[in-house]
Structure formats: C-alpha cells, structure tokens
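**Q** Just so you know, the protein sequences line up as chains A and B, in that order. The first sequence finishes on residue 300 if you use the working numbering, and the numbering steps up by one all the way, no holes. The second sequence finishes on residue 1409 if you use the working numbering, and the numbering steps up by one all the way, no holes.
Hints may be right or wrong, so weigh each one.
Claimed, not checked - Heads up, incomplete: computed chain A residues facing chain B, CB under 7 Å, no partners named:
id: 1; residue: A21
id: 2; residue: G27
id: 3; residue: T205
id: 4; residue: V208
id: 5; residue: I212
id: 6; residue: G213
id: 7; residue: A214
id: 8; residue: T215
By construction, these hints were calculated from the structure, which means they are not laboratory data. Think of the CB as a built atom: it goes at the ideal place given N, C-alpha and C, for glycine as much as any other residue.
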Amino acid sequence: MLDWLFASPAERRLLGSRPLRGPTPWVIAIMTFSIMIVAAAGLALAETAALVAAGTQTRYSAQIPAGGRSLAATLEAIRSVPGVTKAEAVPEADMRKILERWLGPAGASSDLPVPALIIFDVRAGADGQAIARRAEAAVPGAKVIAHVEALGPLLRSLCALQWIAVTLVLLLGGACAAAVVLAARGALDTHRFTIEVMHGIGATDHQVTHLFQRKIAIDALTGSLAGGLAAALVLIALSAGASFAGELMGGARLGTADLVVLALIPVALTALATVVARTAVLRTLRAAV
Amino acid sequence: MLKLLYLAQRPTRGRIALFGEELTDASRDSLPHFRRRIGVVFQDFRLIRHLSAFDNVALPLRIAGASEEEVEGPVREMLAWVGLGDRASARPPTLSGGEQQRVAIARAVINRPELLVADEPTGNVDADMARRLLHLFTTLNGLGTTVVVATHDVGLISATPGAQMIRLENGAMLDPTGALKNPPPPRGAV
Chain A
12 MLDWLFASPA
22 ERRLLGSRPL
32 RGPTPWVIAI
42 MTFSIMIVAA
52 AGLALAETAA
62 LVAAGTQTRY
72 SAQIPAGGRS
82 LAATLEAIRS
92 VPGVTKAEAV
102 PEADMRKILE
112 RWLGPAGASS
122 DLPVPALIIF
132 DVRAGADGQA
142 IARRAEAAVP
152 GAKVIAHVEA
162 LGPLLRSLCA
172 LQWIAVTLVL
182 LLGGACAAAV
192 VLAARGALDT
202 HRFTIEVMHG
212 IGATDHQVTH
222 LFQRKIAIDA
232 LTGSLAGGLA
242 AALVLIALSA
252 GASFAGELMG
262 GARLGTADLV
272 VLALIPVALT
282 ALATVVARTA
292 VLRTLRAAV
Chain B
1220 MLKLLYLAQR
1230 PTRGRIALFG
1240 EELTDASRDS
1250 LPHFRRRIGV
1260 VFQDFRLIRH
1270 LSAFDNVALP
1280 LRIAGASEEE
1290 VEGPVREMLA
1300 WVGLGDRASA
1310 RPPTLSGGEQ
1320 QRVAIARAVI
1330 NRPELLVADE
1340 PTGNVDADMA
1350 RRLLHLFTTL
1360 NGLGTTVVVA
1370 THDVGLISAT
1380 PGAQMIRLEN
1390 GAMLDPTGAL
1400 KNPPPPRGAV
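Next comes chain A alone, as it looks inside the complex (with noise of 0.2 Å):
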C-alpha cells in the first residue's frame, strides 16, 4: 500500500536532488496548517449551533408586564398548561444583573420596573406553538418567545459560517492541488534529459512517474504533519486558555469525531498531492511525443 513511499537507493540516485529541497514542503505546511485552524473553526462553529439550537428548541420564555407582583400565580398556571415540563422564574436579582452590564448603575435602581420572566420547557416533540398560546391565554398580558426564533438569526448565522469554513477549506484544498502540479511541472522541467534517457532505454511513463511522485509524497507528507503539528499546538493553547472563548461559544467543545478529523487533514493532503502530482506527471509525460 505504501510501496510508493519506498524506493531502492538506484532508483533514489536517478533524481539526484534529495526530497525536502524547495518550497513544496513549506507550502503544503502551511496549507496544512491553515485548513486545519479553518477546519478547527467550522467544526467548533457546527458544536455551537448544535448546542444552541438543542438548548433552544424545547424552551420558552414568558414575560408578564405586571413585573413580580403575582409571580407565584403566574408561575403556576404556566406549570399546568399541558406539555410544559419545567418552568423556572428568573429572579429579579439576575434580571437587574444582566440590566447593570447595560444600562450601568441606573439598572439596579427599583424605579426602573422590570417585567417577570418566566423561562419554561416543553415536551420534546409536543406542539410549542400551541402551548405557548395556551400559556398566554392562561396568563393574560404575558408575551411568550420561543427561543428557537429569537436565536434564528444567530444559527442562521452560525450556519453560514460554516459554510464559509467548508468553502474555504475546499480552496485551500484546490490551493495546495495547484502548488503541487507546479511542483511536479518544475521537478520534470529540471529532469527532462533524464526523462528523455531513461525513456530511449524503456523506461515506462509509470517507471517515470513512480520515481516523481515519490519525491513529492515524501515533500507532501512531511509538510502536512509539520503544519498539522503547528495547527495542533496552536489549537492546544487556544483550548487551554479558552474559558473565555468557551463561555462565548456556550460551551461548546471539539468532539472526538471533529478530532479524528482534523487528525486525518495532513494524511488526507498527503493522499491528495500523491494523487494530483502522478496524475500531472503523467499528462505531462502522455503530452510529449
């Protein structure tokens, strides 16, 4: 399965430069590097808005204008209406914290009156729209929100932006497939005469190409695991010290899948710059008489 890595030290002789020499590993190292942090970031953003819309999907928020002063009764005729599984009053206290960040010192005060806030769950898979009509109408003047609408626009958001992380990593992907048919271009210009001798002796386009791709797999695979180790140490210090970047995204946090994923970016860049450089030998070599 490797035998394309491994070549006997006559055929290493017949290229003459070492593997290693040239840009061809520092670009695909950075290439590598920069779709791994890309790559990083979309699948971060995909856990946010997964997190986010299962937190939002079942829950509900109610505000009752007339502010604390029968909560209890409010609180109570939102736990009976059918479908709501859990409803919790937030109390003023936080209520008046989160006004503070805002609106300063003035938040605090008792002259600004703050509505109640009633923050419930429904039935996974139950109606919300119904319910949260039924709690309306049980508790008259309340306005109910579902979550999952007032956060639309944020995982709308979420969602382009991963889109934008897949879009780019497709470029960057076709980025490096363009640097490595450069490559090969440039590494058979500087040996067509010994191109030239080895096919007036019969060596076919495979021996050829062999001896090519080889060359540049050896480049790609030691440029992608240089960049992969810089974008996993990059990833590791951000990880460390991202209490605050992981309050940000609600907590979110690279699964081992998204792991495993960006585990398999270098190989996966080493496959595509093998393939792409036998294939541009190739069509170059076919291309000549």
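Following the hints, position chain B against chain A.
**A** Positioned in the frame of chain A, the structure of chain B alone reads:
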C-alpha cells in the same frame, strides 16, 4: 532516420516495421517494450551527469527490472571490458570524451539488444579502442544483434567483413539494397 529507428520519433509519413512488427501507429504504452530491445549509442553520449559510470551502464538492466544481484556482475564486467573498471564510481563530467563514449557504448550493449544503433561510435576513441568496439559490434552481430552504425569513417566500415552500407546524401537514401560496398568519397553525410 536514426531517431525513427530507435523509436524516439514517429514518422509523419511512411511506415516503420521493427522486429517483424508494424510500429508506425503503435500505442505509446507499447513502445517501452520495443525500446528495451534496442541499444543506442548517441553521438553526444547522453549520459546522466549526476549518476556514476556504473549507474549509467546499469540503467537499462534496472529499467528492465533486474535485481541488484543481477546488475552488479555484468556491469562490472562490461566496464572492465571497455577499460573503465577503475572508473566505475566516476561521474561523466569527470570523464574524458573517449571515456564517456565507452560508458555510452557499454550502456547500449549491456542488455544484449536485438538492434544496436550507434551514431559515430568511434568518433572520440583511439584507433585501438575503435577496433575493439568494431570487434564487439561484430561479435554482437554474430550473436544475432542487428548493428546499425552511422559514421563518416567509411574506411572503418569497409574494413568490417560483411558490413552492408547505405549512403545518405542530401536527405536521400542511395543504394537502399545495401549492395554498395565501396561508395565514392562522401560529399555529405554518410
């Protein structure tokens, strides 16, 4: 014409038949098989500069799939025969013109080709080596190899018993029957 003969070029008209097979429209993938049956001595040697004399001579055997054990003995023997036994590890730029030509000849005959095409093979060697090379070609011919030599040295070929000669002049082939044993002094390429 030599390039057509050793399958480095395809004809724009006419036809090529080698080893009893029509190769005019042969597929690209089938050509290496026929090229391995042809040895070529180029006028400009066409040695790979960064390879040693040993590796240059061993190249046809390795391309044909011979193992290192199968390569070692014949290559050493061939280098010794052309007088370069002690220069096996030397690279072409460090060899004289005559030495490079001998390496090129050794490479062309190492796998006992069925057809040997030599372009001015004796142009850079002394008279003694030229005689030895002609003896090698004659021996190979006796063993079944067809030897085609392009040369301006008509006297050399005339001295080779049984050699058939075709004269090329201004791009035209004269006496294609090969019956012309003693052509007039050449005015163009011969």
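**Q** Work down the list of hints and note, for each, if the structure agrees.
**A** So, going through the hints one by one against the coordinates:
Evaluation of the A21(A) hint against chain B yields a held restraint, the C-beta minimum of about 6 Å falling below 7 Å. Because the smallest distance between the Cβ of G27(A) and any Cβ of chain B comes to about 4 Å, under 7 Å, the interface hint for this residue holds. With 7 Å as the threshold, the beta carbon of T205(A) comes within range of chain B, its nearest partner Cβ sitting at about 5 Å, so the hint holds. This hint holds: V208(A) has a C-beta 6 Å from the nearest C-beta of chain B, less than the 7 Å allowed.
Because the closest C-beta pair between I212(A) and chain B is about 5 Å apart, less than 7 Å, the hint holds. Because the smallest distance between the Cβ of G213(A) and any Cβ of chain B comes to about 3 Å, under 7 Å, the interface hint for this residue holds. Of the supplied interface hints, the one on A214(A) holds, with its beta-carbon coming within about 5 Å of a beta-carbon of chain B, less than 7 Å. Satisfaction of the interface hint for T215(A) is found here, the shortest Cβ-Cβ separation to chain B being roughly 5 Å, below the 7 Å cut-off.
Going down the numbered hints, you'll see the structure goes against none, and every one checks out.
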